[in-house]
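Participant: Below are the chains, spelled out letter by letter.
Number of protein chains: 2
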Amino acid sequence: MSTSEQYFPNEPVAPTVVTSEFPGPKSQEGIKSLGQVFDSRPVYFIADYEKSVGNYIVDADGNSFLDVYAQIASIPLGYNNPALIEAAKSDKMIRAIVDRPALGNYPGKDLEEILNGLLAVAPKGQDKVFPALSGADANELAFKATFFWYQAQKRGGHKVPFSDEENTSVMKGQAPGSPELAILSFERAFHGRLFASGSTTCSKPVHKLDMPSFNWPKAEFPSYKYPLDKHEEENKKEDQRCLEIVENLFKTHSCPIAGVLVEPIQSEGGDNHASNEFFQGLRDITLKHGALLIMDEVQTGIGATGLFWGHEHFEISPPADLVTFSKKFQTAGYYFHDPEIIPNVAYRQFNTWCGDPARMILAGAIASEVVKHDLPAKAQKVGGYLFKKLEDLQAKYPQYLQNLRGKDRATFIAWCFDNSAARDKFLKDMKTVGVNIGGCAEKSVRLRPTMVFEQKHADILVAAIEKVLSGY
Amino acid sequence: MSTSEQYFPNEPVAPTVVTSEFPGPKSQEGIKSLGQVFDSRPVYFIADYEKSVGNYIVDADGNSFLDVYAQIASIPLGYNNPALIEAAKSDKMIRAIVDRPALGNYPGKDLEEILNGLLAVAPKGQDKVFPALSGADANELAFKATFFWYQAQKRGGHKVPFSDEENTSVMKGQAPGSPELAILSFERAFHGRLFASGSTTCSKPVHKLDMPSFNWPKAEFPSYKYPLDKHEEENKKEDQRCLEIVENLFKTHSCPIAGVLVEPIQSEGGDNHASNEFFQGLRDITLKHGALLIMDEVQTGIGATGLFWGHEHFEISPPADLVTFSKKFQTAGYYFHDPEIIPNVAYRQFNTWCGDPARMILAGAIASEVVKHDLPAKAQKVGGYLFKKLEDLQAKYPQYLQNLRGKDRATFIAWCFDNSAARDKFLKDMKTVGVNIGGCAEKSVRLRPTMVFEQKHADILVAAIEKVLSGY
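Those sequence lines, one after another, are chains H and P.
Residue numbers for the first sequence follow the UniProt record's numbering, beginning at 1 and rising by one.
Residue numbers for the second sequence follow the UniProt record's numbering, beginning at 1 and rising by one.
Since the hints were derived computationally from the structure, they do not count as laboratory data.
Misleading hints may appear alongside valid ones.
Since the list can't tell identical chains apart, any single copy or any two copies may satisfy a pair.
The calculated lysine-lysine pairs, modelled on DSSO-like cross-linking and capped at a C-alpha distance of 30 Å, are [claimed, not checked]:
#1 Lys124 <-> Lys456
#2 Lys388 <-> Lys225
#3 Lys109 <-> Lys89
#4 Lys218 <-> Lys172
Every value quoted in this text rests on a predicted model; they were computed, and no experiment measured them.
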């Protein structure tokens, strides 16, 4: 019996489509009504989570879609997963909900156990964690840790106290207390939409128009030619070109670069992949210049690429300094290993809540299930099966499956259409055959199913894609 | 029967102190062990939330403290409140925990009802809400809304599209797409510790040392002489002086000021109060200069000052443009009323989660209980009783109860010691008589009990304070 059958004996065997338009009439009504109190313009449909199960999301009209977008890559183990329901009903969870502590001041007796639940699946080389509340929050807390560390090194180590001038100038927002320092990120990257995370995000204007921004440098991220095995030489040169840009920015940017921030796969920005050599190159450059390397695993983490953490494919050495997470983990934060990344004095990396213990308890349950059922390996297997089927489709419909990518990255698969309009039409048409599917960047389709997406779901997905494409 | 007796038939009648040192030996052991995975330097003690009840927090050693700090002003209705436990056990909550939606794309059928739970207690004049995850997050999302609004006005309204130059320059983090704009805040203010919220925070160096900062202006916040009724003329002049500073900053700051951000009572920064006239002055100045007024109710909201929202005491007209909340509400976000504060196009005020429905459901339950039991009025009454008792103590121990403040602000009361060392010793000594109490700024004590802190608890608190002070 497969994992999804164990979890979901009542999972539908196929999608059910009952409306002729999308969103259906009840969703349309709900979107209009919701619009009175909430910006409902981006709503695709109103969901019925009571009726959703496993890989199937049900909408207010009774359509039951195979969901390969999973709340923007965030549902880890399917809708209404019984193991997570059990965790949600536990006394520990109920206490975490009603007695939410200021974890830094008054942690409960169970905090160490809760944190160990997160650490049990920490990326290789990481043995410490700091909790946050969202991907953007996790990244910004990692920036703080990076800047604290960088200045401590500059100051001569953790034991050198702050100068009077630092203590005075910081209250005016001026150097040396508030130094000019940068995080380097990449064009087409997405790291969140707050002000510092937004300053590192560089995928679409809509994410940050009208927002003041830190003047932080952007390097180019490799743009590979596909299929990879036919363009090895060119792609290798592309790596070199991009690494030289990074190296040059360290030398030429107007202020010191304290950290380099990168996604293992640029996810929102178009599923852009880069090689092990590129990532090792980044590691080498950061070491050379005394900067930290921050891996943003918000979208790639928790098994989605076939290993628990996406960057573990690269086997870079020494490991990244900070690894941020959110989405499928349902909680957020960053892992690290260097004790010098703990700030020199207390109350610097601190806030009222320091994370949400309810979401951290759930993360522990998610981690435990993912490990117990060996889900990254299973995702790798089903991803391989799916990729092959998509290659077959590509041969048949090359125009609609350009730059198929994500081979050996489990179900973390994407491809391109000619343009935005064609891609958007495809996403919408997939609803008519019962599939909820998402895009990324201007003209890409991205697959982001749950970790309990299996061969039978892949078959349904491929048949649905073919049904739509055959009508074009 | 009082509200606390209805909720907590088993609430202790007095604190129990069983250790001779604080933290006690079991807490010390827990802090050391926790320190392996978490920065446990700021931990006061390890709490036992299973045993905590109502106004009493129990630690790992079995000490049972009357808690007038309540998780840095965040526990609304006492520990293990049965009404909140009921909400935590509901099917709605369990679904919100296990099927966390991307609320902007796939809201559940219950989202409108959940949001209406927050809107039912919106400050006068506000009828819209946007969810967030923490006080800092709420403030930064409010900044985004402010900048979007400000640039739309400058552009000539919502219907004027972004220019090509804006769309291009924003991707480089440059003007005009990423304009130089500021939020004005005040010296001694606290608004969070991320990069933009940190740029408005100005209470202690430790909050922001080594962090890059936006160059945003700080005005002086009034410093009143106490008791207020004996210094009316001087305090009025102080208001004028500070308002003139604000007005001047609008004229002289190096970039346009899009919004003014202020706490109804500067809470972390020392419980600094200002008059209705001062706040109306801020309202007038923002209107005059085409800027928005943002009220940070993170610490003052949910009845703590005797009205549901602290700034409602000021009766400013027209109402503030944005009101942010968190802490006692257990969820976060901002209220607003002007439809033009909704961004011109979708996906600008957006992120994967757009808040946490589990925490929003709890907030609805909190709001409903606070209203049902008329808790702000009850807090006002017990606060008046407590303030009188503290005035009596002040007459007896003037050195240890300087600048007693918070009259007519329910239990939102504070006073000063001579210096940090004396204040810190007092906070620690209060543990020996069974009270968990917190400080703010350099030398102040702040009272932040729950909303079910009643006369009998006030009597225990006052007796405990007198017991400590009588030994000095």
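Participant: All hints, please: hold or fail.
Facilitator: Each hint, compared with the structure:
Neither within a single protomer nor between protomers do Lys124 and Lys456 lie at most 30 Å apart by alpha-carbon distance, with minima of 32 Å and 54 Å respectively. Proximity of Lys388 and Lys225 under a CA criterion of 30 Å is satisfied intra-copy only: 19 Å inside one chain copy versus 77 Å between copies. In this assembly of identical chains, Lys109 and Lys89 lie within 30 Å of each other by CA distance both inside one copy and across copies; the values are 19 Å within and 22 Å between. In this assembly of identical chains, Lys218 and Lys172 lie within 30 Å of each other by CA distance both inside one copy and across copies; the values are 28 Å within and 8 Å between.
Hint 1 from the earlier list is the only one contradicted by this structure; the remaining hints agree with it.
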